[in-house]
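Hey, can you work out the whole structure from these sequences and the hints?
In order, the protein sequences belong to chains A and B.
Residues 1 to 272, numbered by UniProt numbering, are exactly what the first sequence covers, in order.
Residues 1 to 657, numbered by UniProt numbering, are exactly what the second sequence covers, in order.
Any given hint could turn out to be false.
Below 30 Å or equal to it, Euclidean Cα-Cα: the simulated DSBU-like pairs (lysine-lysine) are [what the hints assert, rightly or not]:
hint : chain 1 : residue 1 : chain 2 : residue 2
1    : A       : K163      : B       : K34
2    : A       : K246      : A       : K204
3    : B       : K632      : A       : K204
No lab work stands behind these hints, which were simulated from the structure alone.
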Amino acid sequence: MLDNSESYVTEDGRTIGGVVMEMKNITLRFGGVVAIKDISFDIREGEIRAIIGPNGAGKSSMLNVISGFYVPQEGEVWFRGSRRPQMRPYEVARQGIARTFQNIALFDGMSVLDNVMTGRLNYMKTGLFSQALWKGKAEKEETENREIVERVIDFLEIQHIRKTPVARLPYGLKKRVELARALAAEPKLLLLDEPMAGMNVEEKEDMSRFILDVNDEFGTTIALIEHDMGVVMDLSDRVVVMDYGKKIGDGTPDEVRNNQDVIDAYLGVSHD
Amino acid sequence: MAQMQMGAEGKQSLPALLQRNAAQFANAPAYREKEFGIWQCWTWAETAKEIEALALGLINLGVNEGDFVAIIGRNRPYLYWSMVAAQAVGAVPVPLYQDAVAEEMAYVLGHCGARFVIVGDQEQADKVIEIQDQLHQFEHMIYLDPRGMRKYDHTQLHQFSHIQDQGRAARDELTGELAARQNKLNYDSTCVMLYTSGTTGKPKGVVLSNRNVIESAKNSAEFDKLTQNENILSYLPMAWVGDFIFSVGQAYWCGFCVNCPESADTMMTDLREIGPTYFFAPPRVFEGQLTNVMIRMEDASTLKRKMFHHFLAHAKEVGGKILDGKPVGMMDRLKYALGNALVYGPLKDTLGYGRIRVGYTAGEAIGPEIFDFYRSLGINLKQLYGQTEATVFITVQPDGEVRADTVGVPAPEVEIKIGDNGEIYYRSPGTFVEYFNNPESTASTKDAEGWVATGDAGFFEEGSGHLRIIDRAKDVGKMADGSMFAPKYVENKLKFYPDILEAVLFGNGRDRCVAFINIDLTAVGNWAERNNIAYASYQELAGHPKVLETIRSHVTQVNKSVAEDPMLSGCQIHRFVVLHKELDADDGEMTRTRKVRRRIVEEKFDDIITALYDGSEKVSTVTEVTYEDGRKGSIKATLTIVDAEVKPAAVHKVAAE
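Following this line, the structure appears as structure tokens:
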């Protein structure tokens with residue numbers, strides 16, 4: 001099924017591999033409402049793929065289909081060369097897909113460190129009893145996982161808030177902690193739902209930097225939803241544009257920018 | 001003492017001292033750095049190996065004797081090793097301020113003609129790459145943190161660990177060369193070159209020899225009885241002479257351990273974890289901590305708050321005396337001991353000062369109340385007076401003779417004389433060799449007999465023999481009526497209020513004084529929060545009528561205290577503005593060490609000064625600002641000018657008539 005699977009090298013020297021995920025004719029309905037209508041697109045290994053569109057276009061629904069939270073009524077999701085059966089979200093997580101949420105979903109009362117540690121849950125094998133005693137295997141396991149978490153904390157430069165309860169953090173930092181938790185799961189594919197919503201310019205610049213660094217340093221494939229067109233165009237390799245549940249554009253930022261349908265969807269069109 | 005530093009006598013370079021430490025204290029910790037949440041440690045023996053590998057790698061890369069190697073980054077063991085390794089191969093290390101913008105770096109790198117640059121991370125590397133075309137002698141850059149650097153063109157770029165690997169691989173081949181170069185080093189070879197921040201004009205490269213550094217380190221270590229067991233936290237800029245003396249000079253002389261924080265933001269946590277025994281901080285760090293403690297105590301439970309204030313009042317009374325070894329009654333001592341168990345001890349521990357034996361503050365005047373607060377807790381905080389050209393030490397306060405208003409007695413082996421105009425001159429083993437490539441400045445600063453002009457005016461106090469600094473000699477002027485104008489004196493009084501971060505006084509040659517004031521965002525912001533005052537920006541808060549009223553009351557208090565000094569009563573502030581932006585080094589208004597550049601401020605805000613003198617009530621102004629990434633923008637503001645209450649001129653004038 002992997003047609004144009006030959007890899008290529010981008011202008012800035014990153015290698016983009018073959019297709020890792022393919023959405024084939026996805027249709028998602030909530031009762032009579034069609035949220036996504038017959039959409040197909042693919043995500044290549046190592047690329048930053050953006051999904052954009054006006055409010056209510058079905059972007060978050062699309063991300064939820066990728067993450068396995070919604071099961072489409074029609075269509076197929078192919079991941080790493082095989083058709084994905086219906087899965088629970090934790091099973092999807094075990095396949096190497098991690099995500100962040102549009103409305104931050106962290107454990108408010110827990111410290112940053114503990115929150116990020118939850119990202120390692122799928123790698124922890126010891127049972128409740130031995131973890132409570134914290135002896136032998138459980139201790140070793142936690143130390144190993146903590147090391148990975150500490151590397152993520154170092155990478156995202158949040159050492160100074162390591163022990164701070166999440167509830168006390170400003171919004172921009174919470175977003176970064178959420179990214180940290182997703183990264184702690186060492187994902188192959190990272191899904192970001194509006195990572196820059198509600199941020200000021202400086203926070204957006206920081207976040208963009210981190211997204212690029214994650215992609216560059218770990219080779220993580222990233223699919224993101226974003227409103228800020230400037231950010232999307234700068235960050236992504238390819239962009240899917242949705243409007244009213246339909247795909248109206250797909251291609252490089254430049255192609256999308258010059259696509260008449262996309263311009264109409266964003267700027268409106270006169271009906272005379 | 002002599003026994004403690006056994007084997008150090010006669011070692012005439014840092015690499016020689018390193019060898020002594022590696023042999024004598026092989027398994028004692030030399031460096032620690034917090035990384036990935038854990039304190040990583042290197043013993044002296046390991047350090048010697050790391051530095052050797054790096055030095056061999058540098059030779060392998062083509063570093064020649066006499067080359068300049070610039071070092072830019074935050075305090076990390078690797079960068080300290082770079083300085084010693086550079087010296088070991090006969091090159092001269094030149095640490096730069098890491099927060100300098102690219103243009104400033106271009107000047108320094110061009111001036112010394114650095115062939116090699118060692119940087120901490122991508123941020124610094126980018127700045128050097130940006131100015132690369134202006135640097136004709138630049139050849140290779142070495143970076144520490146590989147993050148984000150993978151895609152860069154690596155023809156002139158090298159990763160730090162690779163340089164070390166290459167050095168290890170070439171060990172057999174190059175070890176003879178390294179030994180030969182190291183053996184050539186003596187007391188007269190250059191140890192380091194440090195650029196002074198320069199309150200006026202371009203930075204100057206101060207050349208310090210091994211004699212300067214090692215003799216100064218030795219004298220000061222003996223003065224404070226520093227041992228191999230000290231722990232220090234290195235967080236001040238590596239380009240600053242103080243850090244070089246504490247973290248390199250004294251650390252190598254005594255063989256004690258240098259601890260590097262995880263990042264600038266975690267410094268306070270790391271301070272607490274390390275609990276240094278020997279600590280250095282500029283006044284603003286102590287001020288910041290005190291403000292923090294007071295704010296947190298406001299939020300504490302009633303019992304804790306009452307206990308805190310009760311015992312603090314007692315400490316204020318007797319704490320300083322106990323520290324100075326003066327007689328104190330039995331009951332007071334017992335109560336102090338109780339206070340120590342309940343309040344002072346836990347507080348010191350929270351601040352990270354639980355183990356401090358010697359603490360220093362310098363650079364700016366410290367508020368007497370802040371100074372006394374720390375001393376009353378039993379922290380041996382002292383002041384010293386120094387400058388880069390003296391390899392730090394000019395005067396220091398001996399234990400038991402510590403006061404807030406003097407800077408102490410001449411440091412060991414330092415001679416001091418006061419010039420006719422009140423300017424302070426000194427001569428010492430630490431006196432710098434020269435300003436690099438600048439014989440005129442060298443000649444105008446250091447005379448043939450080795451006396452160096454400090455540019456500060458001061459006098460020795462009768463009786464105690466302690467030095468008191470009045471102001472920068474060139475800043476001391478005359479008012480229109482001929483009375484003395486000493487801006488620093490008044491500004492320092494203002495800055496002792498936590499609400500006021502910075503103040504600049506004008507009035508040289510005029511009939512009265514006016515002032516610019518910067519509010520302290522932390523203190524005033526907290527006050528606003530507690531009083532339900534909403535504000536959207538620094539500018540809005542700075543212009544809030546209630547803030548202006550508070551500042552006015554501070555100014556009135558200062559005027560009152562200034563009026564009491566017959567010599568300086570003319571320096572009272574008649575009118576002032578609270579500025580709409582913080583004075584900033586990026587805009588050239590301050591030096592990197594946060595000293596106000598008077599002339600530049602005066603030129604830049606000329607319109608506001610005019611308004612202060614012509615009686616207008618408001619002034620509209622547009623100010624250019626530079627962002628951290630070097631872009632420029634501007635802020636517009638309308639500032640309210642506030643009239644302050646002035647006390648009657650000193651009585652002695654009336655009496656003289």
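So, going through the hints one by one against the coordinates:
For the given pair, K163 (chain A) sits about 15 Å from K34 (chain B) by alpha-carbon distance, which is consistent with the 30 Å threshold. Between K246 (chain A) and K204 (chain A) the alpha-carbon distance is near 28 Å, which keeps this suggested pair within the 30 Å criterion. Our distance criterion of 30 Å between C-alpha atoms is met by K632 (chain B) and K204 (chain A), whose separation comes to about 19 Å.
In terms of the numbered hints stated before, the structure departs from none.
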